[in-house]
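Asker: Work from the hints to combine the two standalone chains into their complex.
Keeping their order, the protein sequence lines are chains A and B.
Quick note, in this note's numbering, the first sequence goes up one by one and the last residue is 398.
Quick note, in this note's numbering, the second sequence goes up one by one and the last residue is 797.
Note that these hints are calculated values from the structure, not bench results.
Be a bit skeptical, because a hint or two may be false.
To be verified - In silico lysine to aspartate or glutamate, DMTMM-like type, Cα no more than 25 Å apart, as pairs:
#	chain 1	residue 1	chain 2	residue 2
1	B	646	A	27
2	A	322	B	761
3	B	739	A	318
4	B	651	B	761
5	A	226	A	244
6	B	681	A	23
7	A	358	A	303
8	A	358	B	771
9	A	51	A	373
10	A	358	B	736
11	B	456	B	508
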Amino acid sequence: MKSVCFYFQVHQPYRVKRYRVFDIGNDPEYFNDRGESDLNNRKIVEKVARKSYIPATRLILDLLKRYPNFKVSYSFSGIALEQIERYAPEALDLFKQVVETGRAEVLAETYFHSLAFFYSQPEFERQVAMHRELIRKHFGVWPRVFRNTELSYRNDLAHWADRNGYAGIIAEGWDPILGWRSPNYVYKPVGANNVRLLMKNYRLSDDVAFRFSSRSWSEWPLTTEKYGQWLGVAEGDTVNLFMDYETFGEHQWEDTGIFHFLEALPDEVFRNPGLDFKTPSEVIASYEPRGEIDMPSVVTWADTDRDLTAWVGNPMQEAAIKAVYNLEDKVLDVNDHKLIEDWRRLQTSDHFYYMCTKWFSDGDVHAYFSPYESPYDAYIAYMNALSDLRLRLEKRKA
Amino acid sequence: MFGWEFPPHNSGGLGVACFGLTRALSQLGLDVIFVMPKKLNVGAPWARFVFADMPHVKFRGINSSVTAYQTSSKTSMMSIRRNGAEIYGNDLMSDVLRYALAGREIALEEDFDVIYAHDWLSFGAGIMAKEATGKPLIAHVHATEIDRTGGRSSVNPDVFELEKEGMEAANVVVAVSEYTKQMIVKEYGIPASKIRVVHNGIDDETMPKPGGWLPRLRQLKSSGFKIVLFLGRVTLQKGPDYFIRVAKRVTEKNPKVVFILSGSGDMEGSIMQLAAQLGVSDKVLFTGFVTGPERYEMYAAADLFAMPSVSEPFGITPLEAMKTGTPVLVSKQSGISEVVKHALKVDFWDVDEMANKILTLVDHPGLSQTLSENAVMEANRLTWMEAGKKVDSIIQEVA
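The shape of chain B in the complex, shown without the other chains (with noise of 0.2 Å):
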């Protein structure tokens, strides 16, 4: 299995995935060979800790210094194969190519029955080790690069080809919602027939732990205040800007309700000045970002949690908030939208929307009751367990 990032040493979603998956396949009986493109101390404290469990589990890094969500340089797949070995530069595409060339070696070392990629970082040592061993691969896509950059237009054409090739090179594409299914299908041509939908799950242990002291948040609930919550990057996927603009529509009519804005990225910029032009500055608060039990306090505190993604493929962040009893609204373009039910729902780009409910939100205790009520033990239904018996019976069927 070739993946990116693992936890604690992730920035994002991805590692998070596939240490549950992984988890999963291990307590199911299957042995996995865990690659990544960095050295790995799995002697660490935390490695002992994090492995534990996962008895059926090899880790192998390699070297690189390579980080997951930059942007990235010209070189292929056609090149690395044209070249051979030597790839220079210090840039993330370079990072990736000498990831896959790394990746044939390990393939031509170990012994294994399915090669299985996570996302595009991995599906080029993905490729690879398909074409030195000839066994079949299966792409698992947890984001496209249509989703990160919001549209076609934007995308860098190096990352767009990488995945595209390696779901064409894969015997199967494992999707993680129906809604980045369909974009595979649209925007990367592959077909309805090769794609299977596995959704995320979240379990007790890949969520943040309680115990932040977060004396702000107090001191505004004590006050009165009613809290929404934007977790997550700063980037246009995110549709921080709209987070900004429904804070607008809904303080102009109860102003006993601040924004929180958690989180960093490219975007943090302009949406603070966003927030300056619209005069809502002292209605939204920036934290940066944020992790840890201070992240599981700031669900906790809040009364809504908003993910009004632009492009989500799954978007963990509203299973986390509602494993703590926080109701949840995100928009229909996401993954999570077609997984829960006891969540409000809406188009991102719906402002209007967004605002009546959140406004009816913080003024009806029995909507906010409600979907607490429910949030909680749909939460605790969407295992990764179950999400690792879908995927087990897709290697069972490749193998």
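Extracted from the complex, chain A is given alone in its bound form (with noise of 0.2 Å):
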């Protein structure tokens, strides 16, 4: 038996507004962007919810229904469930009666969808413990396997989520990394006892997450008979597709078709009589680990270059996340919560994403996903918002 491993990502940041010097001081409220721009969470929230939650959702629950044996497992990053709470409760309703039908696996994460653990552990361990609060509170389940924030990993990682008691783990299934080894299979990483780590097939998942519409690719259109193909030939134990969630109705617009493959899919696969779906839990469970993996340097999902590069990887970059991880012992020493919380979300990994220029290589994703004119732009209104909260930091303690 093989099978074919669901893990839908779920996030939207807190995106800063366009905080200038002379707000410093004057306006303790970075998120709160009430224009037509895409700085308007409220607004961009509202649109996903409409084009991909919502629809999505009721697909998969209805699939659910349909398919007895077909699963699938979310990672829900924190700020983006207390957006849709507020903003979209009907797409929350819908996520909390996926997970009821106990085929729907919830992954761990950062509540700030941050890269606290490269820069502060503590910080890191508190914003997991405040995640898995929150999925216990909407869901009633508590998580197992872990995910870090842009599928970053690296060894101490991997062996962070052993000491903790995680089943499992979760990476890029990148080829310098595998070698001659497939991201099929369930391994060990380097060095850890129990836990065991699900690599992510991304030719596979990127067909469906980028190249899906591309009338560029030489397989558009892409039909669920020839993908539910290539998954049947496809070597190995499992074949973990990890995607956005806006993959479906926001990347991929509704009329790519996106949604009635995905419709499609789990009948192409249960035709299959070697395929089934398993959540990450089982797979772990059902699959002995084929041997370790080393990663001494992180890796993560985003680029060609699958580092972090591309959230610090320019001097602004660098100089916004010391910037902000430097006023952690500060910040958690005043008793004040609307502080503490402004400047966790100032800690979410988009904002570093947005100031990021490697634009001549890997310009259109970025391009694509950042609401500011300019890296420029997207820093000018971050090292402005903080110098706000620094203020009233120092206006606390005084």
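Answerer: Following this line, the structure appears as structure tokens:
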């Protein structure tokens, strides 16, 4: 038997509004853009819920009802769930119904979708704990498989997950790491005891997430039959299809046929007696690890570089991320919930991604995902908001 | 090819553009006859140096005493066609018309395939050459009268007419930016299908050279001041008044920033007055017109180069600054803002946003460092050879 393992990432950052030098000391709200731009978080969440979260989750729910052996999994950032609860409660309700079926696993991650693991482990652990509580509150489950922001992974992260009793952890199935090996097996992280590693099959994942509607792709149009066939012939125990949930309806619009594709897929998979669906926990329980994976330096799922340079690759990004983590002790020292929360919202990886200047090789992806006119504008808004936060901090202490 | 000025005897970007483009075309193997409205001593040392690597270029001058960037009088192309050769008068328009007549003579003497004319000053010569020979005309628009005067209401109607007539007579119009193309469509009624965009480039040869000595700048820097530089003609089109207003807004928040206004022009007096009125006379330094190595040092010393132009067809000075590794801030009402990514961009009227960007930049080295690193790489990619290749293919298309 070979399994198809879906994991969908649901995440929305709190985008920083156009925060100017002149606002420092005068405006303690950084995330409340109410204009027509894509910095209006409410507007974005409403739009994405309408185009993607609601129709996609309705469909998944329907598929779970139609096919008793269909399985999926989700990872929700805490701040996405907060915003969905506030601006698109219908979507949250649908997510709850999906999880209630018992055939949708929810993964663990950091509440603020941050890169805290690489900058402050105590802060990282606090955010993971907050996230666990939130998932428990909304869905009544404790996550058992961990996925870190942007699929960023390193050996020591696996060791941390191991020590903390996670059954599994997720990483990019990146060729330079795998070498001749296939991502389609369960692996053991080097130096870990019980935790298992699931690796994204980025080719088959990206066929759906990135290439589905690309007319210049030689395989366009991607039919369910063709894709089912590829899954059928893939070597290994598990095909890990990990992608942003917005693939369905937002990155690939409804008129590309993406929903029809998803709707027809379970039937296509079940038609092949050698294939089934499993959740990450089930995959880990069902298959023996086929070797050890060693990732001494950070691997992510972004760009052609698959490292952290999309977030901390230029002097602006480095300065910004250092500046926010430098405030840790001082922020946690004052007993101000709103201030701590704002500081954590400023740790979300998206802020640093918007400052990325690798436009000439990976340009399109960044341009598409940034609500700012330029990475420089992203940095200016961010640093000014952070200056205001610092000022609030000083006032609290005085 | 009809031009108006050529380095080093030029007072603006047009000569530099003609030089860069002519050299690229020559290196691409085209034979260029470059005509100018003045006598040229190509044997002079500067000329030998400048023209050494342009094997396929022949220079021709005619007798005339003209300089660009003046404004003018009442005559028209119609009147030279009617009245023939005799044009009296010492103003710019008379020079332009005299040049147009000479253009006809030269066209009849020389052997060539395509006529190429740069800006309205030489459009007359282009039109007359086309009428005389029936050969195709390409009109290259580096700036329009609308840019120069800041709006339709104050244009010189003769200049506007000559621009329009040149573009209408041309088989293809080359615009230095998408911004200029849109303006040509909207203001001059030229069909978009006839216009091609060819962005300017920048070469090391056309860059000012280092080695200038500016003790005052060094002194400012060593006392911890950040320098914001304006370099260009002090005239409505370039937005020097916005520069002064920004200086006010920035320095009231951060007194360790100085603004240097470098250049001369018809608004010099009123700009100094404005600085005094706003109480920033001690925050704004006026240097007058600066060229050569001093210009290079000015770029290099600045922490930010600002071009707040009200309407800028292209804007070569930000590229020069970028080449020296200095971050730039440009108005969105410019051609350069559509070409470069690694620049801060603002609407020229948004003084608060300009101040916001400047204040953030001087406080956060991460921003200037990232801009600087990328600016150098980006400017180095924008060469005249790239522009030359596009112009070459347009020439092949009409020939």
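Asker: Hint by hint, note whether the structure agrees.
Answerer: Here is how each hint holds up against the structure:
1. B:646 <-> A:27: Since the Cα atoms of residue 646 of chain B and residue 27 of chain A sit roughly 23 Å apart, the hinted pair holds (cutoff 25 Å).
2. A:322 <-> B:761: holds, 16 Å
3. B:739 <-> A:318: With a Cα-Cα distance of about 20 Å, the restraint between residue 739 of chain B and residue 318 of chain A holds, given a limit of 25 Å.
4. B:651 <-> B:761: Holds, at about 12 Å.
5. A:226 <-> A:244: Between residue 226 of chain A and residue 244 of chain A the Cα gap is close to 22 Å, so the pair holds against 25 Å.
6. B:681 <-> A:23: Distance of about 24 Å is within 25 Å: holds.
7. A:358 <-> A:303: Measuring from Cα to Cα gives roughly 10 Å; hence the hint holds.
8. A:358 <-> B:771: At roughly 12 Å apart (the allowed maximum being 25 Å), residue 771 of chain B and residue 358 of chain A satisfy the hint.
9. A:51 <-> A:373: holds, 24 Å
10. A:358 <-> B:736: holds, 18 Å
11. B:456 <-> B:508: holds, 11 Å
When each numbered hint is compared with the structure, no violation occurs for any of them.
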